[in-house]
Amino acid sequence: MAFNVNVSALLGMLACIALPAAVLACTPGDPVRGAKIYERCFACHAIERDRTGPRHAGLIGRVAGSIPNFPYSAVMKKAGAAGLVWSDDSLDKFLENPVKFLPGTRMGYAGIKDRQERADLIAYLKQATGP
Amino acid sequence: MMSNIFVPSFNLARRAFMTRAATTTLSGAAIALLAGNDALAVSNDQNSEAAIAADVEILKTALGAEQEAIAAYQVGAESGLLRQPALDLAVTFQGHHKAHASLLASTVKKLGGVPGDAKKAADYHFPTDQLKSDVDVLRFAASLEKGAVSAYLGAIPLFGNRDLAKAAGSILGDEAMHWAILRQAVGDVPVPEAFVS
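Which chain is which? The protein sequence lines are A and B, in order. The numbers in the first sequence follow numbering that gives the first Met the number 0, run straight up by one, and end at 130. The numbers in the second sequence follow numbering that gives the first Met the number 0, run straight up by one, and end at 196.
No lab work stands behind these hints: they were computed from the structure. Model, not experiment: these values are computed from the prediction. Even glycine gets a Cβ: it sits at the ideal position worked out from N, Cα and C. Only true hints are included.
With a Cα cut of at most 25 Å, we get these calculated DSS-like pairs of lysine-lysine:
#1 K99(A) - K165(B)
#2 K76(A) - K59(B)
#3 K112(A) - K92(A)
Simulated coverage check for chain B against chain A, where a stretch passes if three residues somewhere in it have a Cβ under 8 Å from a Cβ of chain A:
#4 60 to 66
#5 138 to 147
#6 153 to 167
Please model the entire structure based on the sequences and the hints provided.
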């Protein structure tokens, strides 16, 4: 019983050590911290209503640029048509540097450079915008 | 409950400020930074069309947020929930946002863009059902102001034109003051941290 190891957890830890690309998975986001970070978005975004930026309700799994009648940039619509779907991974890349990820986006924001902050924000978005 | 920020001495100072502001609207440093600065067009000649277009998009996004803030303060002012002196404060801050919007719109035009029009108030779908008291209104306004501070902070590094970055910093400072005063008004620590983000 002393060696009752959670094999999945152990494999996950090993993957984190072995695979630099999996680093994000090693820093699980905290939705409570993420809620605080989301306050930075309040000038343009809300969960339930479109503002200068589109609503975030239903964000995870949504095709980019797909809210009907929202005036997206051409590049956002094009990205959606090309298959961009908002997921942990795509949000992480976009939030790090929106204008680099999607040049021409109307989200004129330098981005969230801290990986943990992005993970926290995404954790909050997943919690707050889900069905 | 409102905090004791609105003590008589504060009111006197604020009235004096408002009187001065009324006579200097659209003639202060912001004009020099943006709409009245002919050097802006010259300096932009040195930038690529793509960089100017990117700056215009940032300005248009900022304009949209300012227009929404103007509408939000109007909703607050007409809600019947704000008493004096909070009502005067809200109207004063709304006036600042009008000045910001005016300058942003004129700058977009100067750079060859087309500024967007404000929506009808109803089209903003403000969460009015959640605004039951003066504190609710002021907290809602504070949340918009904080968001605006973050938005300008996030935009400043992206401007190709440094004059625009400087002007955005000027607006950021004003909106940070709004945020702090609104926090104080509802009894929160006015400046909770050493840095904004």
